[in-house]
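Asks: Just need the whole structure built from these sequences, with the hints factored in.
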Amino acid sequence: MYSFGGSTSSASTARCRTNGCGSYGSHRQRRFDRALVAAVLAAKLLSREAHAEEVTTSDVKGNPDCWEGAFNYAACCDEALGPTGNILCWDGMHDYRSCCLGESAPLDFESMLQRGHSGDASVLPRIMQMLSAGGEQECSSTNVPAASRCAGTEFGPSAKTWSAFFETQAVSKYIRLQPFPVDADPNRIFGACCDSLDDEALEEVLLTMGKDCASGTAALVLSQIGSLEQKRGLPAARRAQLLAQRILESSGLAQDGDCRWRQQVNHAGFLHVDWFLSPVGHSASGLANSMSFSCGEADVRIFVDERAVSEPLRVNSVGCAQRGLCFTEVWVHQFLRRAACRVWSPHEADFTYVPIYGACHGLDDPKPEHGEALEALMGQLVSESGPPLLFVFTCEKWKLRGWRRWLQLQSEQGKRREYLLAAVEAKPLLGAQEKAEMFASSASLNGESHAGGSLWHCEDCFRPGRDIVLPSAVLTIEAARLRIFNREPADRELLLVWRGQHAKSETREDVRQGYREVNETVRLSLIGNLSGFPDTDVGGQTMRYSFVMGNSHFCLVPRGRGWWTVRLFEAFYAGCVPVLLSDEVSLPFEDFLPWERFSVKWPMKKVGDGLYEHLRSLRDSPAKMELLHQGARQVACWFDFHAPTSEACSPYQGLLRELASRTGRGSSSASSSAARAFQKLDAGSPGTPPLTRFWF
Numbered sequence: 001m002y003s004f005g006g007s008t009s010s011a012s013t014a015r016c017r018t019n020g021c022g023s024y025g026s027h028r029q030r031r032f033d034r035a036l037v038a039a040v041l042a043a044k045l046l047s048r049e050a051h052a053e054e055v056t057t058s059d060v061k062g063n064p065d066c067w068e069g070a071f072n073y074a075a076c077c078d079e080a081l082g083p084t085g086n087i088l089c090w091d092g093m094h095d096y097r098s099c100c101l102g103e104s105a106p107l108d109f110e111s112m113l114q115r116g117h118s119g120d121a122s123v124l125p126r127i128m129q130m131l132s133a134g135g136e137q138e139c140s141s142t143n144v145p146a147a148s149r150c151a152g153t154e155f156g157p158s159a160k161t162w163s164a165f166f167e168t169q170a171v172s173k174y175i176r177l178q179p180f181p182v183d184a185d186p187n188r189i190f191g192a193c194c195d196s197l198d199d200e201a202l203e204e205v206l207l208t209m210g211k212d213c214a215s216g217t218a219a220l221v222l223s224q225i226g227s228l229e230q231k232r233g234l235p236a237a238r239r240a241q242l243l244a245q246r247i248l249e250s251s252g253l254a255q256d257g258d259c260r261w262r263q264q265v266n267h268a269g270f271l272h273v274d275w276f277l278s279p280v281g282h283s284a285s286g287l288a289n290s291m292s293f294s295c296g297e298a299d300v301r302i303f304v305d306e307r308a309v310s311e312p313l314r315v316n317s318v319g320c321a322q323r324g325l326c327f328t329e330v331w332v333h334q335f336l337r338r339a340a341c342r343v344w345s346p347h348e349a350d351f352t353y354v355p356i357y358g359a360c361h362g363l364d365d366p367k368p369e370h371g372e373a374l375e376a377l378m379g380q381l382v383s384e385s386g387p388p389l390l391f392v393f394t395c396e397k398w399k400l401r402g403w404r405r406w407l408q409l410q411s412e413q414g415k416r417r418e419y420l421l422a423a424v425e426a427k428p429l430l431g432a433q434e435k436a437e438m439f440a441s442s443a444s445l446n447g448e449s450h451a452g453g454s455l456w457h458c459e460d461c462f463r464p465g466r467d468i469v470l471p472s473a474v475l476t477i478e479a480a481r482l483r484i485f486n487r488e489p490a491d492r493e494l495l496l497v498w499r500g501q502h503a504k505s506e507t508r509e510d511v512r513q514g515y516r517e518v519n520e521t522v523r524l525s526l527i528g529n530l531s532g533f534p535d536t537d538v539g540g541q542t543m544r545y546s547f548v549m550g551n552s553h554f555c556l557v558p559r560g561r562g563w564w565t566v567r568l569f570e571a572f573y574a575g576c577v578p579v580l581l582s583d584e585v586s587l588p589f590e591d592f593l594p595w596e597r598f599s600v601k602w603p604m605k606k607v608g609d610g611l612y613e614h615l616r617s618l619r620d621s622p623a624k625m626e627l628l629h630q631g632a633r634q635v636a637c638w639f640d641f642h643a644p645t646s647e648a649c650s651p652y653q654g655l656l657r658e659l660a661s662r663t664g665r666g667s668s669s670a671s672s673s674a675a676r677a678f679q680k681l682d683a684g685s686p687g688t689p690p691l692t693r694f695w696f
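Heads up, the sequence shown is in the UniProt record's numbering, so the first residue is 1 and it goes up one at a time.
Hints in this document: simulated from the structure, not taken from any laboratory.
Note that CB positions come from ideal geometry on N, CA and C, so glycine has one too.
Possibly wrong hints are sitting among the right ones.
Each computed EDC-like pair below joins lysine to aspartate or glutamate, with the alpha-carbon atoms no more than 20 Å apart [to be verified]:
(1) LYS415 <-> GLU372
(2) LYS397 <-> GLU488
(3) LYS231 <-> GLU200
(4) LYS397 <-> ASP491
(5) LYS601 <-> ASP591
(6) LYS231 <-> ASP195
(7) LYS61 <-> GLU79
(8) LYS160 <-> ASP183
(9) LYS601 <-> GLU626
(10) LYS504 <-> GLU517
Computed beta-carbon distance windows for the label pairs [said to hold, decoys possible]:
(11) ALA648 <-> VAL511: 37 to 45 Å
(12) GLU596 <-> ALA192: 18 to 26 Å
(13) ARG404 <-> SER196: 43 to 51 Å
(14) PRO464 <-> SER617: 31 to 39 Å
Replies: Shown next, in the form of structure tokens:
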């Protein structure tokens, strides 16, 4: 059973156009929320659960598919209600003609999509219907090419499995499916047909599947690139990528794709595959099709140390980037190895970047093969001379066992190798083992502060002014969903939103334990103090997460296990103003981004009515609200890891400029460009007050 808004979805919950949905106040909001209800119902269809009451057609007027609960012919179509019936009954999926007169509504997908892009939320249910059930009917019509019929093959998925696969792909564009329905899970589908095959047999089976269902086979293969890289190696992953392209080309779908490829497949899940697997070369290599990303105006030279001994510590880039939190390390590596400012000798470099996927491979407690590689690598690095080493840590724990011990060692010449850290968390968590390794006595609290549970925050691991705070990447598929629901400020109807895990989550015990370890309480305070207000949406995880984020003025950002949280950077994709509820968080790019001008900060211990009233007063001040929204949208590009080609504004350019500033040759372009942008906002229009700072 899928969870909708923290409770079981049912038909009576879904049909909320007159009685309201949850705590929302306006009728317009209730109609928009129904779009997400439709998505949940589509998801339930995928799990083969009944979701509507039985209705017989013999005693029902109009279109029986429209009627449920309080929605019936008399309430919506009675002549006394006028020529268009009861307007409270209608949305993008239901209208007078289709429900009262029984006429078929036009199924023009492109025009529906255009209306949705222009901000008409009422069409989302229709789009959902077309993408899942309606889209399947359209895409499987009798006049489609043979390679688009997806009728099933002897050794591949059946027609029923393909149908479930495409429906799930379509629904996942709009809502979180955790987990995917069993019969539509790409991992299970691929495992059933292909996992046990050798490379030659695998190619033969996939080509046969492609003749029956080209877009499905290509999407299935691309979804498995990370798994193939992990199980069979990088060459196998590259062959699979080329095979997916070959399947589309041989079916004549390489240019525009077919109905399924355009309308149903969720491309966000593998957008990064092309550049992650692209060749890497330099001017002397002569590699064709190698990518190169600009370093903008940053005057910095970086040597990427990819020596053979460290290869086990940086494998499976595609899969690691899809895992969820703490995977920013992979994006940084894939950019820097293709950066125009990369040099190929450490003697030419300002910094030696050491790519290690500590979070992905769990190097805080490494497997034997990883531990051996780590010992060998670090031993070599600290014994060599050269430019400062650059390490990247992208989790609340810095997942590299013994990093501080290694970097404090001296070489045989009595010198200690300089180093620089780039991290999302400036006060990383320490467990008992890390604490004992770092300090002479495990009872000592020097250089650390107790987190309140069984962990500690390291107070001197990060060196302000020397080390760099990084933003966190957001999953490609989540970023795409957040962008879909990013509404214009004037159209947003919620004041504030927070949905997420906490110490009492109804999920896995390890999730609850993770928050108890750090005595995290602000999230529970949010639920206890703010969930009862009519224009808020506060609570546990929800499938409609992206929707409520994009429909709210403020997105609350309470601390996670560490002081940082990925919620902060999701807020920029959703277009809402972040409200920082993390007293000791360190923010990225503070040297040139004035955070107090596009975010709100509030003391953790004062979460309650005062916060609600403060945010409501800001919303009720059009000038202040406009400045906050404009500021947040102005800086969003600095946190978008999915735009590596941007020369002026991206987290990669921010990192490069921070590095350049530490060489003494840094460009001030980032600082000056941000300053100019906010000067323009400050000026505003005649009668607009100067930009207020919103931190407390």
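Asks: Going through the numbered hints above, which ones does this structure break? Give me the numbers in ascending order.
Replies: Going through the list in order, the structure violates hints 1, 2, 4 and 12 and respects the others.
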